[in-house]
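With chain A's structure known, arrange chains B and C on it following the hints.
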Amino acid sequence: MAMSLEEVEAAIIAKANKSPKPQLYIKDFYKCDSERKPREIKNIANKLVTKGELMFWSSGSTTMYARPDRIKNEEGDSGVN
Amino acid sequence: MGYDPKNPMEGRITDLGPHPYTDMMPPVIMANKGKWDYHEIVAPGVLLHVGDSGDTCYTVRIGSPRLISIEHVREMCDIADAHCEGFMRFTTRNNAEFMADSKEKCDALIEDLKSRGTKFPIGGTGACVTNIVHTQGWVHCHTPATDASGPVKCVMDDLFEYFGSMSLPAQVRIALACCLNMCGAVHASDIAILGIHRKPPMIDHKRITGVCELPLAVASCPLGAVKPAKTEVDGKEIKTVKVNAERCMFCGNCYTMCPAMPLADPEGDGIAILVGGKVSNRISAPKFSKLIIPFLPNTPPRWPEVTEVIRRILEVYAKDARKYERIGEWAERISWEKFFEKCDIPFTDKSIDDYRLAYDTWHTTAQFKYTNATDAYTK
Amino acid sequence: MPKHDTPMLDELEKGPWPSFVSDLKRQAETHDECWDILGQMEMSYRDKITHWKHGGIVGVFGYGGGIVGRYSDMPKEFPGVEHFHTVRVAQPSGMYYSTKNLRDLMDLWGKYGSGMTNFHGSTGDLIFLGCRTEALEPLFWDLTHDLKQDLGGSGSNLRTPSCCLGESRCEWSCYDTQDICYALTMHYQDEVHRPAFPYKFKFKFSGCANDCVAAIARSDFAVIGTWKDDIQMDQAAVKEYMAGNYPSNAGAHADGDWGAFDIQKEVIDLCPTECMWMEGDELKIDNSECTRCMHCINVMPRALRPGKEKGATICIGAKAPILDGAQFATLVIPFAKVSKDNNYENIIDYIELIWDWWMEVGKNRERVGETIQRIGLPTFLSVMEVDPIPQHVREPRSNPYIFWKEEEVPGGWERDVDEFRRKHAA
Chain A
2 MAMSLEEVEA
12 AIIAKANKSP
22 KPQLYIKDFY
32 KCDSERKPRE
42 IKNIANKLVT
52 KGELMFWSSG
62 STTMYARPDR
72 IKNEEGDSGV
82 N
Chain B
434 MGYDPKNPME
444 GRITDLGPHP
454 YTDMMPPVIM
464 ANKGKWDYHE
474 IVAPGVLLHV
484 GDSGDTCYTV
494 RIGSPRLISI
504 EHVREMCDIA
514 DAHCEGFMRF
524 TTRNNAEFMA
534 DSKEKCDALI
544 EDLKSRGTKF
554 PIGGTGACVT
564 NIVHTQGWVH
574 CHTPATDASG
584 PVKCVMDDLF
594 EYFGSMSLPA
604 QVRIALACCL
614 NMCGAVHASD
624 IAILGIHRKP
634 PMIDHKRITG
644 VCELPLAVAS
654 CPLGAVKPAK
664 TEVDGKEIKT
674 VKVNAERCMF
684 CGNCYTMCPA
694 MPLADPEGDG
704 IAILVGGKVS
714 NRISAPKFSK
724 LIIPFLPNTP
734 PRWPEVTEVI
744 RRILEVYAKD
754 ARKYERIGEW
764 AERISWEKFF
774 EKCDIPFTDK
784 SIDDYRLAYD
794 TWHTTAQFKY
804 TNATDAYTK
Chain C
2 MPKHDTPMLD
12 ELEKGPWPSF
22 VSDLKRQAET
32 HDECWDILGQ
42 MEMSYRDKIT
52 HWKHGGIVGV
62 FGYGGGIVGR
72 YSDMPKEFPG
82 VEHFHTVRVA
92 QPSGMYYSTK
102 NLRDLMDLWG
112 KYGSGMTNFH
122 GSTGDLIFLG
132 CRTEALEPLF
142 WDLTHDLKQD
152 LGGSGSNLRT
162 PSCCLGESRC
172 EWSCYDTQDI
182 CYALTMHYQD
192 EVHRPAFPYK
202 FKFKFSGCAN
212 DCVAAIARSD
222 FAVIGTWKDD
232 IQMDQAAVKE
242 YMAGNYPSNA
252 GAHADGDWGA
262 FDIQKEVIDL
272 CPTECMWMEG
282 DELKIDNSEC
292 TRCMHCINVM
302 PRALRPGKEK
312 GATICIGAKA
322 PILDGAQFAT
332 LVIPFAKVSK
342 DNNYENIIDY
352 IELIWDWWME
362 VGKNRERVGE
372 TIQRIGLPTF
382 LSVMEVDPIP
392 QHVREPRSNP
402 YIFWKEEEVP
412 GGWERDVDEF
422 RRKHAA
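Chains as they are written, first to last, in the numbering used here: chain A, 2 to 82; chain B, 434 to 812; chain C, 2 to 427.
Hint data in this document are derived by calculation from the structure and do not stem from the laboratory.
Predicted model only: the values in this text are computed from it and were never measured.
Built from N, CA and C at the ideal position, the CB exists for glycine as well.
Some hints could be false.
[What the hints assert, rightly or not] With a Cα cut of at most 20 Å, we get these calculated DMTMM-like pairs of lysine to aspartate or glutamate:
#, chain 1, residue 1, chain 2, residue 2
1, C, Lys240, B, Asp753
2, B, Lys468, C, Asp342
3, B, Lys663, B, Asp637
4, B, Lys756, C, Asp143
5, B, Lys775, B, Asp793
6, B, Lys439, C, Asp342
[What the hints assert, rightly or not] Quick partial rundown of chain B residues pointing at chain C, CB under 8 Å, derived from the structure:
#, residue
7, Asp456
8, Gly467
9, Trp469
10, Pro498
11, Ile501
12, Arg522
13, Thr568
14, Lys586
15, Asp590
16, Ala618
17, Cys684
18, Pro692
19, Asn714
20, Ser717
21, Pro719
[To be verified] Calculated from the model, a selection of chain A residues having no Cβ within reach of chain B, i.e. all distances over 12 Å:
#, residue
22, Ala3
23, Ser5
24, Leu6
25, Ala11
26, Tyr31
27, Lys32
28, Leu49
29, Thr63
30, Arg71
Extracted from the complex, chain A is given alone in its bound form (with noise of 0.2 Å):
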């Protein structure tokens, strides 16, 4: 049975929560759905930014996702933006 949407979402928050590093690629967000292309697997985990379930860390030359209450930060970041 394919998974449904919500599900992925699911298997996304989860796999953030529980991760060692809290701080993920979006390759390792692939094996929450392995039936899904990996351009679906980025555009459910950018709806997830929107709707503030996930957030987005940046070196500047690359992005990582995290849950908003995992990550650490800098005292100059507040965590909102």
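Positioned in the frame of chain A, the structure of chains B and C alone reads:
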């Protein structure tokens, strides 16, 4: 109505993209796009484009420090409004260009530019040293090994005569990147000024737990030199990382991922010089710049060691190279051993590649030239 | 009144090249934070070290790119630069601006930021340098609502595509670089603003092999104009060059003491394929040998022009040295039509073949050029659905270590060792 922090999604617009280019071009460009017949550089910094229609477009190119204020941009707007029907453009090498559709307007434009002190130098065309492509350095970057705007200013001051003239064998493209991540992509420039670190990162064990995800710091190292470790802070064992200094290539990627691993250092940091790269496919294929000076110290505010060696290379090249020959083509024709001798640059083991694919650059022939470097064998 | 003494930076007000220090001081009259830029920079000049820290999570909501976080590590001394984030604004194709738009942009930046900019950043965006976190959303609101403009890319996004000025002011451009750059930037807005890939991905569009936008050195997907028929020639104009009536190389060497123009020495002998010669007073070209390097056309722009059947060569995988060393882009598609008549569908097809493969097999923080190196050009060519041709290599390989596939060998790889032993004693 403006942004309402209480309802950030209310009325939000996204994915508009850049302003359509069709609204941004002067009338003479719009009218002749795709229908230009030929062009000429009528004076250093002044281009004439002639359309099939007979229309003319005079372009005046000026240098810019790239790091410019809104006041500076507004002054350029004043100039464009006065002479260019309210349009201007920028080049891929940080120059600015004003376009006028007649010789009279062009002359008035040039006079106006010249009346404004040193702000708008005219040049950057043909066989010249044009503006230096560069990065942010100490004005904005968190991993630089040198400044960018300062050394650029010093080199352009020193080579100013070559910006406003066209006396060199070919164009000379100089670029500066303030660390080896090379946001400025200096790897294919005639002369590249490259900031380099020479000390591995320090580890701030007291702060690392608070600001870093250790697995990310470990994974950030391109060469696997960062490993998980344990240490004691205030009598308590904590998880941290250690750095295998012998494997460190001084890139600073770990510092970007982990602010508790600073690597910049006043003595460790400085500038390497690379030469002989090019992007254009003209005559010979694109070439990478080659490392000829592994380290020059940072000597703000005027970086005399850097400006001196660049002028020296440029002057030897100007005298020795054939018309149309880029620095890399010249060095290959005369041989790199002659390049070092003629430019009076000491050759060191640091110019011999010992990274990956190094063998590609070794000398696998019995053909070579005798230079001062072989004296030990022949004299 | 200066807030900080800057004796070292003051040295950079001397000399003929325009001084960013003088400019910062001018801007400081209305933007006090410019004094703190100068103050912190003076400290860097004294200490020979940077005083900036990276910040990873600042951005505008929902976008994973366009803002790069930056903080001072001396905020008490220099409160004006405590937050100093970079804002990347997508540039118009060819970097043309109306003064109306520039003034609007400057007014916007004067209202929300430090007053300092870069025209332009390395990727091509217009850069606003130095924004506080709380000003980012209001700035973005005004940028989109009032100026109808948008941010560019950063991080693992499609970076803001860029192009040379192309046909707008260059007779050599073999396609409309501005139009495809704009069209694909609009087509891929989602990829520009939200991370999509293992690492950054760049398109660059150059109208000819002179490659003024450095596509072959700096982009993952380099579209470089070329043609497939004969160089257009005007023999009368050739004679004008030979007579010294037209300036060679469009006047680019006017200040050098190079003597009279010599077509043999300057054009024919420098042709990399030796495919040109004089027959009487006529210039001849064996176009079948030409590699379209642009040298002869550059030298005699009024006599020679690119052919009429124009398009582009697509080279893939350039990058700066981190990590395995610098790479130029590798020729993959020798010739492709680049035309708005099909909305660039053929180019989009190539792009998406690369993306679908690279998103799957590319490692984290691996540029596509490195993925191609790691997995091999033959595999990549099959991904691109193109047959291998000699043009894909500079020379054939010199080692015989071929990764044969089982289906390429008659009988396959499954063999019976007992059968073998019946004829070969152990």
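Evaluated hints:
Our distance criterion of 20 Å between C-alpha atoms is broken by Lys240(C) and Asp753(B), whose separation comes to about 30 Å. Note on Lys468(B) and Asp342(C): the hinted pairing holds, with a Cα-Cα distance of about 19 Å set against a maximum of 20 Å. For the suggested pair Lys663(B) and Asp637(B), the alpha carbons sit about 13 Å apart, so the restraint of at most 20 Å is met. Taken as a hint, the Lys756(B) and Asp143(C) pair is broken in the structure, with Cα atoms around 52 Å apart against an allowance of 20 Å.
Taking the CA atoms of Lys775(B) and Asp793(B), the gap is about 24 Å. The hint is violated against a cut of 20 Å. Between Lys439(B) and Asp342(C), the direct Cα distance comes to roughly 46 Å. Violation of the 20 Å bound is thereby established for this hinted pair. Look at Asp456(B): its Cβ gets to within about 7 Å of chain C, closer than 8 Å, so that hint holds up. With 8 Å as the threshold, the beta carbon of Gly467(B) comes within range of chain C, its nearest partner Cβ sitting at about 4 Å, so the hint holds.
For Trp469(B), the interface hint holds, since its Cβ comes within 8 Å of a Cβ in chain C; the closest pair sits about 4 Å apart. Satisfaction of the interface hint for Pro498(B) is found here, the shortest Cβ-Cβ separation to chain C being roughly 4 Å, below the 8 Å cut-off. The interface hint given for Ile501(B) is met, as the beta carbon of that residue sits about 6 Å from the closest beta carbon of chain C, less than 8 Å. With a cut of 8 Å, the hint placing Arg522(B) at the interface with chain C holds, because the nearest CB-to-CB distance is about 4 Å.
A cut of 8 Å between beta carbons decides the hint on Thr568(B): the least distance to chain C is about 7 Å, and the hint holds. With 8 Å as the threshold, the beta carbon of Lys586(B) comes within range of chain C, its nearest partner Cβ sitting at about 5 Å, so the hint holds. Evaluation of the Asp590(B) hint against chain C yields a held restraint, the C-beta minimum of about 3 Å falling below 8 Å. A cut of 8 Å between beta carbons decides the hint on Ala618(B): the least distance to chain C is about 5 Å, and the hint holds.
Hint on Cys684(B) holds. Least Cβ distance to chain C is approximately 6 Å, under the 8 Å limit. For the restraint placing Pro692(B) at the interface with chain C, the shortest Cβ-Cβ distance is roughly 6 Å, inside the 8 Å limit, so the hint holds. Annotation: interface hint on Asn714(B) holds; nearest CB of chain C at approximately 4 Å, less than 8 Å. Given hint, Ser717(B) at the interface with chain C, holds; its Cβ is 7 Å from that chain's nearest Cβ, closer than 8 Å.
Below 8 Å, beta-carbon pairs count as interface contacts, and Pro719(B) has one with chain C at about 5 Å; its hint therefore holds. No beta-carbon of chain B is positioned within 12 Å of the beta-carbon of Ala3(A); the least distance is around 29 Å. No beta-carbon of chain B comes within 12 Å of the beta-carbon of Ser5(A); the shortest separation is about 25 Å. For Leu6(A), the non-interface assignment is confirmed: its Cβ lies about 20 Å from the closest Cβ of chain B, beyond the 12 Å cut-off.
Every C-beta of chain B lies more than 12 Å from that of Ala11(A), the closest at about 23 Å, which supports listing it as non-interface. In this structure Tyr31(A) is separated from chain B by more than 12 Å, as the shortest Cβ-Cβ distance comes to about 17 Å. Separation of Lys32(A) from chain B is adequate, the least Cβ-Cβ distance of about 18 Å exceeding the 12 Å criterion. Leu49(A), annotated as away from the interface, keeps every beta carbon of chain B farther than 12 Å; the closest lies near 15 Å.
Non-interface call for Thr63(A) relative to chain B: violated, since the shortest CB-CB distance, roughly 9 Å, does not exceed 12 Å. A cut-off of 12 Å between C-beta atoms contradicts the statement that Arg71(A) is not in contact with chain B; the least separation is 9 Å.
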